[in-house]
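Asks: Based on the provided sequences and hints, a complete structural model is requested.
There are 4 protein chains.
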Amino acid sequence: MQVSVEICVIPMGTDASVSRYVAECQRVLEAAGLQPQMHAYGTNVEGDWETVFAAVKRCHEAVHEAGAPRIFTTLKVGTRTDKQQTLQDKVEAVNKLRRQ
Amino acid sequence: MQVSVEICVIPMGTDASVSRYVAECQRVLEAAGLQPQMHAYGTNVEGDWETVFAAVKRCHEAVHEAGAPRIFTTLKVGTRTDKQQTLQDKVEAVNKLRRQ
Amino acid sequence: MQVSVEICVIPMGTDASVSRYVAECQRVLEAAGLQPQMHAYGTNVEGDWETVFAAVKRCHEAVHEAGAPRIFTTLKVGTRTDKQQTLQDKVEAVNKLRRQ
Amino acid sequence: MQVSVEICVIPMGTDASVSRYVAECQRVLEAAGLQPQMHAYGTNVEGDWETVFAAVKRCHEAVHEAGAPRIFTTLKVGTRTDKQQTLQDKVEAVNKLRRQ
Chain D
14 MQVSVEICVI PMGTDASVSR YVAECQRVLE AAGLQPQMHA YGTNVEGDWE
64 TVFAAVKRCH EAVHEAGAPR IFTTLKVGTR TDKQQTLQDK VEAVNKLRRQ
Chain L
14 MQVSVEICVI PMGTDASVSR YVAECQRVLE AAGLQPQMHA YGTNVEGDWE
64 TVFAAVKRCH EAVHEAGAPR IFTTLKVGTR TDKQQTLQDK VEAVNKLRRQ
Chain W
14 MQVSVEICVI PMGTDASVSR YVAECQRVLE AAGLQPQMHA YGTNVEGDWE
64 TVFAAVKRCH EAVHEAGAPR IFTTLKVGTR TDKQQTLQDK VEAVNKLRRQ
Chain B
14 MQVSVEICVI PMGTDASVSR YVAECQRVLE AAGLQPQMHA YGTNVEGDWE
64 TVFAAVKRCH EAVHEAGAPR IFTTLKVGTR TDKQQTLQDK VEAVNKLRRQ
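Chains as they are written, first to last, in the numbering used here: chain D, 14 to 113; chain L, 14 to 113; chain W, 14 to 113; chain B, 14 to 113.
Among the hints, erroneous ones may be present.
Identical chains blur together in the list; that is why a pair holds if it fits in one copy or across any two.
Unchecked claim - Under the rule of at most 30 Å between Cα atoms (straight-line distance), these lysine-lysine pairs were calculated in the DSSO-like manner:
1. K109 <-> K70
2. K70 <-> K96
3. K109 <-> K96
I should point out that these hints are in silico values taken from the structure, not numbers from a laboratory.
Owing to the predicted nature of the structure, the values given are computational and were not obtained by experimental measurement.
Replies: Written out as C-alpha cells, the structure reads:
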C-alpha cells in the first residue's frame with residue numbers, strides 16, 4: 014500500500030528552538046531513501062507504508078537520542094484506491110485550476 | 014517503545030455521514046487488543062509501537078474495503094523517555110490541578 | 014456558523030510536564046461559556062464560530078502568560094450545512110452502529 | 014499577536030478529488046492579503062491573528078458555497094514571545110544546520 018505522509022515532530026521539555034531536532038529527522042528520512050519535502054510546518058514524504066512508518070519510528074528514536082525527553086508528533090496519512098497520486102500531483106492539480 | 018496515539022480517520026469520496034467507517038476502525042482497534050477510547054474527534058489508544066501502528070494500517074485497509082476510495086487520517090503520536098505515562102495519567106494530571 | 018473544534022495546546026521551551034498549561038486552557042474555555050470535553054489528546058468544544066475562536070486566542074494568551082515562550086497548537090475544525098450535529102451526536106452515531 | 018498557521022481543508026461528502034475546493038481556499042487566502050505557501054498537505058500563512066483567522070472562516074464559507082456539505086479542517090497554530098520568526102526563518106534554521 015502506497016502512502017503519502019506529512020510528519021511534524023515537536024520535541025517537548027527542550028529549548029524553544031528545535032531546529033536541530035528537525036534536522037535529525039531530515040537525516041533519518043533521507044537515510045530511509047525517502048525524498049523529504051520540508052516546509053515550515055512539517056515534512057512530506059511518500060512511499061511504501063512499511064518504509065514510511067519505519068522511518069517515522071526512527072525519527073522518534075533519533076530525537077530522543079538527541080536529548081528530547083518527550084515528543085509530540087502529528088502525522089497526516091493519505092491513501093487512495095481510486096488512482097495513483099503523488100505529492101507533486103496534488104499540488105499541480107490545484108495550480109492547474111488556478112491558472113485557468 | 015511505548016506510544017500513545019490519537020487516530021482520526023476521515024473517509025473521502027463518500028457520503029457526508031461517516032460513522033459506519035469509524036465503527037469499522039473501532040472493531041479493528043479492539044481486535045488488536047487495544048482498548049480504544051473514542052471521543053468526538055478521534056480515538057485514543059496506547060501500547061507497543063508495532064502493535065499500535067499495525068492496527069493503524071489495518072484501519073486504512075478496513076475503511077477502503079468498506080468502500081471509501083480515499084482516506085485522510087490525522088495521528089498524534091506521543092513518546093517519552095523521562096517517565097511512563099498512560100492516557101489516563103494525562104487526563105488525571107490536569108484534573109488534579111483543577112481540583113486544587 | 015456553528016463549529017465543533019478539538020484544541021490541543023503544546024507548550025514548547027518548558028518542562029516536559031505541561032499539565033498546568035493545559036489546566037489554564039480549561040479555565041479559559043469554561044470562562045468562555047463553552048463546556049470543554051477534555052480527553053488525553055485535546056479538548057473538544059462546540060459553539061458559535063466567533064465565541065470558539067476568541068477562546069482559542071485567549072488560550073494562547075493565557076499559556077504565554079503562564080510562562081511558555083512558544084506554543085504549538087493543533088486544531089480540528091468541523092462545520093456542516095447538511096444537518097446540525099453535536100459532539101455527542103458524533104459519538105452516539107458510532108456507538109449505535111456498534112450495538113447493532 | 015503574530016501567528017503562523019498551517020491550514021488543511023478536507024471537504025467531505027464530495028468526490029474524492031478535492032482540488033477545486035483547495036483552489037477556492039487559495040483565492041480566499043490571497044484576497045486576505047496573505048501570501049499562501051501551498052504544499053502537498055496544506056497551506057502555510059503568517060500574519061496578524063485576527064487577519065489569519067478571519068481568512069480561515071472565509072475558507073469554510075467558500076468551500077461550503079462551492080458545494081461541500083461538510084468540512085474537516087486541521088490547523089497548526091504557532092505563536093512565540095521569545096523572538097520573531099517567519100515561516101521562512103523556520104525552514105532556513107534547519108537548512109543551515111544541514112549545511113554544516
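Asks: Can you name, in rising order, the numbers of the hints this structure does not satisfy?
Replies: none
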